[in-house]
Amino acid sequence: MKDFTIKNKRKPLNKVVIFIFWIVVWQMIYFMIQRDIYVPSPFSVFIRLKELIMLSVFWKSVAYSIYRVMAGLILSILLGVGIGIVSSMNDYVYDLINPLMTAIKSTPVLSFIIIALIWFSSSNVPIFICFLMCFPVIWLNVVTGIRNVDEKLLEMAKVYRVRKSTVLRKIYLPSIMPYFSAASITCLGLGWKVSVAAEVLSHPKNAIGSHLYSAKVYLDSSDLFAWTVVVILLSLLFESIFAQLIRKITIKKIPS
Amino acid sequence: MKIQVKELFKKYKDLQVISNLNMDFSSDRIHCIFGPSGCGKTIFVNILTGLVDADEGWVEGLEGKSFSYIFQEDRLIPWATVEENMLFVLESHYSKSEARQLAGEYLSLVNLLKFKNSYPEQLSGGMKQRAAIARAFAYGGDIVVMDEPFKGLDLELKKGLMDYIINDWNHKNRFFFFITHDVDEALYIADDIHVFQGLPLTLKKQITIEIPSCDRGKYRNEMGRYKDLLLGDF
Chain D
1 MKDFTIKNKR KPLNKVVIFI FWIVVWQMIY FMIQRDIYVP SPFSVFIRLK
51 ELIMLSVFWK SVAYSIYRVM AGLILSILLG VGIGIVSSMN DYVYDLINPL
101 MTAIKSTPVL SFIIIALIWF SSSNVPIFIC FLMCFPVIWL NVVTGIRNVD
151 EKLLEMAKVY RVRKSTVLRK IYLPSIMPYF SAASITCLGL GWKVSVAAEV
201 LSHPKNAIGS HLYSAKVYLD SSDLFAWTVV VILLSLLFES IFAQLIRKIT
251 IKKIPS
Chain Y
257 MKIQVKELFK KYKDLQVISN LNMDFSSDRI HCIFGPSGCG KTIFVNILTG
307 LVDADEGWVE GLEGKSFSYI FQEDRLIPWA TVEENMLFVL ESHYSKSEAR
357 QLAGEYLSLV NLLKFKNSYP EQLSGGMKQR AAIARAFAYG GDIVVMDEPF
407 KGLDLELKKG LMDYIINDWN HKNRFFFFIT HDVDEALYIA DDIHVFQGLP
457 LTLKKQITIE IPSCDRGKYR NEMGRYKDLL LGDF
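Quick mapping for you: the protein sequence lines, in order, are chains D and Y.
Just so you know, we're using this note's numbering here: the first sequence kicks off at 1 and counts up by one.
Just so you know, we're using this note's numbering here: the second sequence kicks off at 257 and counts up by one.
Be aware that a few hints might be false.
Said to hold, decoys possible - DSS-like cross-link-like pairs, simulated, lysine-lysine; straight-line CA separation at most 30 Å:
1. Y:K269 x D:K152
2. Y:K258 x D:K11
3. D:K152 x Y:K267
4. Y:K460 x Y:K258
5. D:K158 x Y:K372
6. Y:K258 x Y:K370
7. Y:K258 x D:K152
8. Y:K372 x D:K248
9. D:K15 x D:K105
10. Y:K414 x D:K248
11. D:K248 x D:K193
12. D:K158 x Y:K262
13. Y:K414 x Y:K483
14. D:K158 x Y:K483
15. Y:K321 x Y:K474
16. Y:K407 x Y:K483
17. Y:K352 x D:K158
18. Y:K461 x Y:K483
19. Y:K352 x Y:K370
20. D:K152 x Y:K474
21. D:K105 x Y:K414
22. Y:K415 x D:K216
23. D:K152 x Y:K483
24. Y:K415 x D:K248
25. D:K164 x Y:K372
26. D:K164 x Y:K321
27. D:K205 x D:K193
Since the hints were derived computationally from the structure, they do not count as laboratory data.
The following block holds chain Y by itself, in its conformation from the complex (with noise of 0.2 Å):
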């Protein structure tokens, strides 16, 4: 599985944001999107979702996909508890029980079970994200996008939900679209890092790290030099 995308032109406002781009993503990596705020990030990969148009251009591999999104924002529906927010994406793919079930398993995995009859208005902001990535990951979509997923999230969750996207899902032919601006993030849990800078957005380089992620902690020099390579353009 691949995903090429090929001469991509978008004008945003008088901004040309993107600017004749090409890229080849493969399945079975996590690719991270990495670069300063503003650089057209999130604009290329809502192109990637179908939820914004590009202007000139096409994007190859993706017909027939679907898409779990981890927005920046939570987005969940303010007037339905926890639970309703997850089975509002999950029965319309799923029957009434299996939706329930998985409702359940994922709500579980982010330690949020006690919490499904609560209101969004009752979480925390790092539950409220926590509730958005367990309705990503019930979902399972063919692409993952996440827009900056673990901001506010505690240390110890956020390196449970990173293994948990290392050790399982990653063996399911998924790709993964990884948003960050955090070099640790990116280092602990992405296999290609591609550097952009913008405006327009440009592809600088593209940083394969050869060790898999479960085994980063054994070779923490080589991390360390991957480590510079990234902070190099910053």
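This is chain D alone, in the form it adopts within the complex (with noise of 0.2 Å):
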């Protein structure tokens, strides 16, 4: 008798069929309400889209709410990277932060807004408020990462008498990498979502959130919806480059 096995492989679905699936659902939807004003057809959206871009103040508005969830984002990976090394080599300071970040993490993002709103002006709220919501995700992947350093391969280095620098980049950096990159990847799609929020409740000058907000104001569902298309667009394209520029920068091709 000949022993077999069989294989499920299963076979992924192809990106584009999964696309034009949740679209023919969107139309759906869109026949079964029969009203613009709930939801746009798709075609309408798409072409609100398409006059969008051929305007200057499209391109501003991306351009300028680029630079805010960056400046948010960078900020955050900064200070979360920096505070997060001195928390997990200092209990105290870990004390003294953990209830702070677990405070931010519990209060509404509306909140923070409003009080941003006082504090800054309203071009600046967005990055304030990227960059409270990114901070606490960075600090504590990057306190779990360095506390989950394999304590065997550091008292092997310091029998070894490892220089720290090597140990830093040898040991510490790419045990660190994997949640850094994933709390990155994480704050990308989290800094455009409460970015745009800030904008829409702050309504700077160019904005994608402002447009978003007049969309609103105006009952215009196809404006709104080619916005918040864009938003996700913009959101997968970051995602994506950074991924790729993490794996590019930190991943060493391990064989299975």
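Using the supplied hints, reconstruct the complex from the two chains, each of which is provided in its own coordinate frame.
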């Protein structure tokens, strides 16, 4: 008798097929509701998007929104990594910082936006909100990454008197990187969401959020959907660029 | 060169692992730390290497000394190749070219030169342990600590490495601490066998083998008596 195993290899669905499927679902919802004000058709959103990209104000708004998200994100990475390193090395610092992070994480983002509206100019509110929401994520992941560094490898390095800079480069950094990159990718998505939300409420000049707010005021659903599609596309684009960048910099090819 | 352990105390959690231990070790001898598992041998050796602090007491003769430690586990960096693992240690003490040369030399000693570009996960347990042994030998510390280093190695390679330690390294004025449960390994390689019991870790007896390691094959009756002496305790 011959032994054999059947491998049930699932063929992944083509991304184009998935995209078409959801467009069809959207179109069907549009047919069911039949009212543009609630759900515009994919076609009308596409037409509006085409119109928007012809306008210089569109590119200006996109550029400024990108700047705000990136500024908030870079600030949260710099401070999150710096304070994360100090917190993981000193338990007193960790004990002091941890309640602050818990408070930030459990406070509604709207409360922060309203406070920020009092403190900052409308253009800086999204930067501050993006920083505030991403900072705890980066901080927590850096602390977790450092605390999960293999103690046995550190002992080995200590016994063999390996230079501290080498230990940092060859043990600490590769150990922290998976945590850091996961946190950064999470923050890219989160950053876009909270920055645009802050723009909606603070409506600065040249901002995607401000256009979303205007669309809501004039009940222009096609415009609202078109700008939302822009945010989704930008978020996906930045996520994939960042993921590739991280992969290039850090991940060594370990054959399985 | 001499290492003196004086009035050493160590508590681990609620257990008194070491209580007032006093010992002397002389160099140019291979010291075997022999005893049942869990009696505190590894903690004792970790105090000697500075990985663990003693609660009380002190150890003299270790000032400025470097250690080559072969741990029970391989402790190789998983994201570095075998050669990179060697260079991780060696480049802190030698120039890049010297480090690379030493790595190659010692990897051939343990028959791993062909696998220098392999990652630890691509190697068997025995191969990883050989890489760890090569790293320790290449570093060449003043004090060599081997915590069950030959576990998982085939007999031929084990004998080859033990012969290398006896014939080559033994002449280099080094301390060797060899932790093992294996009576045959202890009798093959050690000059002084320190038989411990625990807990707390207490030196039960010390057996000094007068026959040089390289001649032990010729004196089987005498070695049999040493074996009886050692096994008499267990």
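Hints, verified against the model:
1. Y:K269 x D:K152: 19 Å, holds
2. Y:K258 x D:K11: 68 Å, violated
3. D:K152 x Y:K267: The given pair, whose Cα atoms are some 21 Å apart, holds under the 30 Å limit.
4. Y:K460 x Y:K258: 21 Å, holds
5. D:K158 x Y:K372: Holds. K158 (chain D) to K372 (chain Y) sits at ~23 Å (cutoff 30 Å).
6. Y:K258 x Y:K370: The hint is violated at about 40 Å.
7. Y:K258 x D:K152: 29 Å, holds
8. Y:K372 x D:K248: 23 Å, holds
9. D:K15 x D:K105: 34 Å, violated
10. Y:K414 x D:K248: Not OK: K414 (chain Y) and K248 (chain D) at ~41 Å, beyond 30 Å, violated.
11. D:K248 x D:K193: Roughly 26 Å between the alpha carbons, so the hint for K248 (chain D) and K193 (chain D) holds.
12. D:K158 x Y:K262: Answer holds: K158 (chain D) to K262 (chain Y) is near 24 Å, not above 30 Å.
13. Y:K414 x Y:K483: 20 Å, holds
14. D:K158 x Y:K483: 37 Å, violated
15. Y:K321 x Y:K474: 36 Å, violated
16. Y:K407 x Y:K483: 20 Å, holds
17. Y:K352 x D:K158: Holds, because 20 Å separates the two Cα atoms, which is no more than 30 Å.
18. Y:K461 x Y:K483: At roughly 14 Å apart (the allowed maximum being 30 Å), K483 (chain Y) and K461 (chain Y) satisfy the hint.
19. Y:K352 x Y:K370: Status holds; Cα separation ~20 Å.
20. D:K152 x Y:K474: Measuring from Cα to Cα gives roughly 42 Å; hence the hint is violated.
21. D:K105 x Y:K414: 57 Å, violated
22. Y:K415 x D:K216: Violated, at roughly 81 Å.
23. D:K152 x Y:K483: Given pair K152 (chain D), K483 (chain Y) is violated - Cα atoms ~35 Å apart, limit 30 Å.
24. Y:K415 x D:K248: 45 Å, violated
25. D:K164 x Y:K372: 25 Å, holds
26. D:K164 x Y:K321: 19 Å, holds
27. D:K205 x D:K193: 18 Å, holds
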